[in-house]
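Trainee: Chain by chain, the residues run as shown.
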Amino acid sequence: MTTNNNEYEKEANYLLKPDLSVFDSAILNSIIKKKNTFKICKNEKLANLGWLLENVYLVKRDYCKCFDYLHAKEYEKAWFLLDNIDVSLSLISDNFDNAEMERYNLIFLRRQVHNLQKLFPYIFFISRECVIKKEKCSICGKENSLRSFCEHEPGKLYCGELCLMEVTDADLKSFAIVKNPADKYCILKPDGIEFNYFIIEYYLKESKGLFEPFDVIESFNLLPVFEKIGDNDLCPCGSGKKYQECCKGTENKKFKHIELVFPHDIDKSIRTIQRTPEQNKSVLITCEKIIKKNYSFSAGQYFNSEIKRRKCSKDILENDLISYKNTLSDLSVKSVSFNKGLFDDFSKINFVDVNLIYDNIIEKNIPEGWSVHKLSECISRISTGLNPRDHFKLGKGNIKYITVKNLGEDGTLDFSSCDTIDEDALKLVHKRSDIRKGDILFASIAPLGRCYLIQNEPIGWDINESVFTIRPNLEVISAEYLYMYLTSKQFIKNAEDNSTGSIFKGIRQSDLLDLYVALPPKPIMDRISLFIRDFLQYKKLIDDSRSCFIDLKENICSLFLEGQAKMKD
Amino acid sequence: MNNELVTIEESTLDFDSIKQEAYYPKELDDYLSKCDVWIVPEEIHRDGYDILFPEHTKDVKRFLFCKGMKIDVPCKDDDFHEIELHDASILLGSFLLTSIVLPLFINLISSYIYDKVLSKDKDNEVKLNLHIKSQKGKVVKIKYKGPASKMNSTLKEVEKIANDDKQ
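Going line by line, the protein sequences match chains A and B. Using numbering that gives the first Met the number 0, count along the first sequence one by one with no gaps and you end on 568. Using numbering that gives the first Met the number 0, count along the second sequence one by one with no gaps and you end on 166.
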């Protein structure tokens with residue numbers, strides 16, 4: 000499709016100027032007016048051309064506006080405009096060929112936009128994860144499903160109108176802090192912290208204007224603090240671990256290095272060389288040398304270790320940074336009031352002053368109405384996972400392979416440092432463990448007694464041999480009550496007393512099953528269980544949010560250290 | 000072949016094993032059995048959904064279908080949901096196909112990636128799983144994870160190996 004058409008001659012000629020920087024809104028109005036007329040007449044070709052010219056006008060105008068913002072140090076506004084331009088250019092290229100893009104200088108603009116984006120210090124973004132349940136075509140309104148869809152193709156133009164899929168029903172699953180989101184609108188910008196835009200300032204100083212092409216060469220170099228480190232020295236990252244057990248061999252020790260290349264430096268050399276065919280070759284070699292010598296400086300350390308996709312509270316968080324911050328503040332307030340309510344409720348349960356000692360004399364110490372049972376009488380199943388041995392190999396597949404090390408002190412599962420297994424191995428392991436929602440995981444060796452209550456169906460992970468999985472007999476005991484009981488200090492102490500091994504203590508299944516559990520009357524147990532259930536749900540919410548904060552804190556610290564962020568006055 | 004971009008392993012998936020899955024629509028068996036390529040759910044699990052597919056699965060299916068490929072998703076319309084994931088990587092999904100259609104498939108999927116990524120002066124990471132069923136019935140899983148610009152050449156190498164094995 001081309002714009003060689005007299006209908007838009009004046010407007011097209013206006014937009015053909017490659018360094019257009021003064022904009023006349025009358026031209027835009029004229030394009031829109033003509034486009035709308037062609038839409039009404041159902042002149043598809045001319046309506047589409049109108050759409051192209053309208054967007055060329057807007058892209059060129061926004062590109063210039065972006066530089067106004069950069070010079071005015073309104074960097075965020077410039078960032079958002081660059082992202083808008085990138086999206087618009089992408090949509091234009093879906094509908095018009097490269098020749099047409101070239102005609103309006105759009106390929107040059109696209110390269111400039113991508114290079115400018117690389118100069119910004121934004122590394123981490125908030126991104127959402129949604130399940131799309133229903134969507135309809137923006138052109139005809141028909142609801143599209145897997146096998147039933149209209150003839151309109153998303154992203155294509157139909158009589159001057161872009162076909163988009165309007166999502167009419169979606170299920171928001173989570174938010175995450177990520178490095179490379181699909182759209183980069185939600186910049187992480189905590190209060191009191193300011194990004195350092197010195198690369199952009201440098202670019203503006205050196206560049207001869209917004210239409211001078213430039214190039215950005217990115218590379219990763221070793222951070223100076225890592226240069227003379229021995230394997231047994233403390234790791235410079237501050238983890239407290241030895242270097243060989245921490246950052247050695249990882250990407251953490253590298254920082255991103257940026258070189259800016261401007262053609263105006265190269266031109267000087269070219270002018271001094273005679274342009275014979277043989278010498279043209281030497282021109283290229285000279286250019287390469289100049290490019291390599293060009294400006295270079297540190298762009299700050301990029302955290303190369305993948306930012307774990309921490310789920311935040313999906314029901315509460317909104318899909319932009321402002322509401323993200325607001326809701327987290329709200330969460331903090333709620334958690335304080337919740338904790339207060341928690342302690343108030345606990346004080347109403349009348350089992351204080353009772354010394355719950357879990358040994359053979361327990362019956363003498365428990366309150367009236369309570370009973371004592373061996374753990375074996377309270378559960379319907381106990382099992383473990385499977386060790387690899389000859390069965391399977393670790394490191395294959397994406398299934399997380401949980402060991403005692405991954406059972407957190409605070410009742411969480413840490414998936415970040417897990418080994419992985421493949422689907423075949425999972426089948427073997429699961430055949431033995433049969434872990435399900437409602438089961439309790441129990442660390443059978445040091446750290447003995449760490450527990451995890453499985454609150455959702457376990458998908459994509461299983462356990463190894465060192466983790467017991469305990470299924471409560473729900474006619475006798477609730478999962479929540481048993482979980483709290485197993486995590487109590489005194490039960491763990493009792494388990495340790497019954498464990499074997501000199502350095503790495505472990506408890507046998509049979510010994511664990513012989514330990515005693517004190518059970519309250521059913522109404523009290525129900526009440527405690529209900530209460531613990533709410534507590535665990537809320538705890539998960541807070542844990543997830545806390546993880547987000549920790550990620551955020553760590554990321555921001557690195558920005559400070561490398562001079563890429565600074566504190567506001 | 001660039002081993003950092005591709006992993007090859009035995010696959011547990013097969014057309015017959017998919018037919019045993021709860022999500023498989025038995026009423027569409029006749030139609031689905033005639034397809035050369037199935038887009039299968041794999042690796043994406045979220046609470047509340049038995050199966051999920053990456054964003055743009057419908058778009059990929061439509062593109063390949065319009066280019067003459069017999070392709071479908073072995074599930075009911077109502078069970079089909081796409082998930083919009085966080086990052087800018089292009090997650091093409093998992094494809095179960097016969098080795099006969101592999102050359103055509105590689106050309107078409109590369110063409111799709113060219114249109115969506117490379118033609119726009121970008122080089123996003125692409126993730127793609129292929130479960131290729133040989134004429135002897137063995138299914139091999141090829142996992143590609145790497146830049147869009149290297150996908151076509153890498154998959155062509157895979158195709159070459161598959162052809163050498165056949166001989």
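Quick caveat, the hints were computed from the structure, so don't treat them as lab data. Treat the hints with care, since some could be wrong.
Straight-line Cα separation of at most 25 Å, DSS-like style, residue types lysine-lysine; simulated pairs [as the list claims (entries may be wrong)]:
no., chain 1, residue 1, chain 2, residue 2
1, A, Lys183, B, Lys126
2, A, Lys132, B, Lys135
3, B, Lys144, B, Lys25
4, A, Lys178, B, Lys159
5, A, Lys488, A, Lys538
6, A, Lys117, B, Lys149
7, B, Lys119, A, Lys16
8, B, Lys149, A, Lys132
9, A, Lys64, A, Lys204
10, B, Lys119, A, Lys117
11, A, Lys392, B, Lys155
12, B, Lys33, B, Lys149
13, B, Lys119, B, Lys155
14, A, Lys392, B, Lys149
15, A, Lys430, B, Lys159
16, B, Lys75, B, Lys144
17, A, Lys132, B, Lys155
18, B, Lys33, B, Lys135
Trainee: Determine for every hint whether it applies to the structure shown.
Mentor: Cross-check of the supplied hints:
no.: 1; hint: A:Lys183 to B:Lys126; verdict: holds, 21 Å
no.: 2; hint: A:Lys132 to B:Lys135; verdict: violated, 39 Å
no.: 3; hint: B:Lys144 to B:Lys25; verdict: violated, 33 Å
no.: 4; hint: A:Lys178 to B:Lys159; verdict: violated, 36 Å
no.: 5; hint: A:Lys488 to A:Lys538; verdict: holds, 19 Å
no.: 6; hint: A:Lys117 to B:Lys149; verdict: holds, 22 Å
no.: 7; hint: B:Lys119 to A:Lys16; verdict: holds, 22 Å
no.: 8; hint: B:Lys149 to A:Lys132; verdict: violated, 33 Å
no.: 9; hint: A:Lys64 to A:Lys204; verdict: holds, 18 Å
no.: 10; hint: B:Lys119 to A:Lys117; verdict: holds, 17 Å
no.: 11; hint: A:Lys392 to B:Lys155; verdict: violated, 29 Å
no.: 12; hint: B:Lys33 to B:Lys149; verdict: violated, 31 Å
no.: 13; hint: B:Lys119 to B:Lys155; verdict: holds, 23 Å
no.: 14; hint: A:Lys392 to B:Lys149; verdict: violated, 30 Å
no.: 15; hint: A:Lys430 to B:Lys159; verdict: violated, 38 Å
no.: 16; hint: B:Lys75 to B:Lys144; verdict: violated, 29 Å
no.: 17; hint: A:Lys132 to B:Lys155; verdict: violated, 36 Å
no.: 18; hint: B:Lys33 to B:Lys135; verdict: holds, 19 Å
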